[in-house]
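Letter by letter, the chains look like this.
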Amino acid sequence: MKQVTVNVRLYGGFRKYKDSVDLSIPAGTPVSAVKESLCQALGPQSRDLIMDSVVANDQTILPQGYVIEGDMRLSILPPVCGG
Amino acid sequence: MDQACDIKVSVSTEALDANNACGFVTDPANGAIDMFIGVVRDNHLGQTVTGITYDVHETLAERELMCICREAQGIWPKTRYFVSHYHGYLPVGGVSVLIAVSAPHREESFEACRYVIEEIKKRAPVWKKEHYVGGESEWLPGHSLVMQGEEEQAVCCGKCGAHG
Chain D
1 MKQVTVNVRL
11 YGGFRKYKDS
21 VDLSIPAGTP
31 VSAVKESLCQ
41 ALGPQSRDLI
51 MDSVVANDQT
61 ILPQGYVIEG
71 DMRLSILPPV
81 CGG
Chain B
84 MDQACDIKVS
94 VSTEALDANN
104 ACGFVTDPAN
114 GAIDMFIGVV
124 RDNHLGQTVT
134 GITYDVHETL
144 AERELMCICR
154 EAQGIWPKTR
164 YFVSHYHGYL
174 PVGGVSVLIA
184 VSAPHREESF
194 EACRYVIEEI
204 KKRAPVWKKE
214 HYVGGESEWL
224 PGHSLVMQGE
234 EEQAVCCGKC
244 GAHG
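Residue numbers (the numbering used here), protein chains in the order written: chain D, 1 to 83; chain B, 84 to 247.
Hints were generated in silico from the structure; no laboratory data involved. Please note: incorrect hints may appear among the correct ones.
What the hints assert, rightly or not - Computed footprint of chain D on chain B, listed as stretches where at least three residues anywhere in the stretch have a Cβ under 8 Å from a Cβ of chain D:
#1 125-132
#2 137-149
#3 167-180
#4 205-211
Everything numeric in this text was worked out from a predicted model, so none of it was measured. Even glycine gets a Cβ: it sits at the ideal position worked out from N, Cα and C.
Whenever a hint applies, use it, and build me the whole structure from the sequences.
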């Protein structure tokens, strides 16, 4: 199966791990599985924050079922507190 | 960033300037300007705060700020908006967010300005790391952007079959 590389930029509480992480995942992977892959990359202590977070591209937040077909850059957005 | 002639939004690493905000929303047809200035305070939940680092997804934040202003303009017509959020470290007293709204009358300017700041707190991709007097620091909890039901379906890619 074709593998694609997803660069995930980390924000807020994820910054303690690093600023971004590259994930190698099968083409056709949904966003929900990207979150699982990210959890494996960052460690089990990151799971609760990942599950409370959303994945976005530079245009919008992506639904859990959004399918990743090729290499791309995404962001993981934890709960927000601007202002 | 797409800017409307009567809405200006930005994420800035420079000090936010209230005069710029007021000047942009000034309009001879509008008799009221309301301004909200968010400032770093020196305490939170009993701890002495020395400053806050603001982390921001700049592209998405500017999109969301514009979206919020357009929504407000749909509710309160003939209003003008200037919204800027700071990105980076601010000491106590630093200005983190600046919102100016002008409207034909004061009531709309108050209501629209309140709407914008409340929506920013719930929706803008901005995160705060508080720094305390002892040298510790902590990312603050916030509002989850996780989508539910119809909201998720509205932006579904159409390929996943999850909502069929």
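Now for the hints, and whether the structure bears them out:
With 0 residues bearing a CB less than 8 Å from a CB of chain D, the stretch 125-132 of chain B misses the requirement of three and the coverage assertion fails. Using a Cβ-Cβ cut-off of 8 Å, 8 residues of the stretch 137-149 of chain B lie near chain D, which meets the minimum of three, so the contact claim holds. Taking a C-beta to C-beta cut-off of 8 Å, the stretch 167-180 of chain B contributes 3 residues in contact with chain D, enough for the three needed, and the coverage statement holds. Coverage of a stretch by a chain is defined here by at least three residues with a beta carbon nearer than 8 Å to that chain's beta carbons; for the stretch 205-211 of chain B and chain D the count is 7, and the condition holds.
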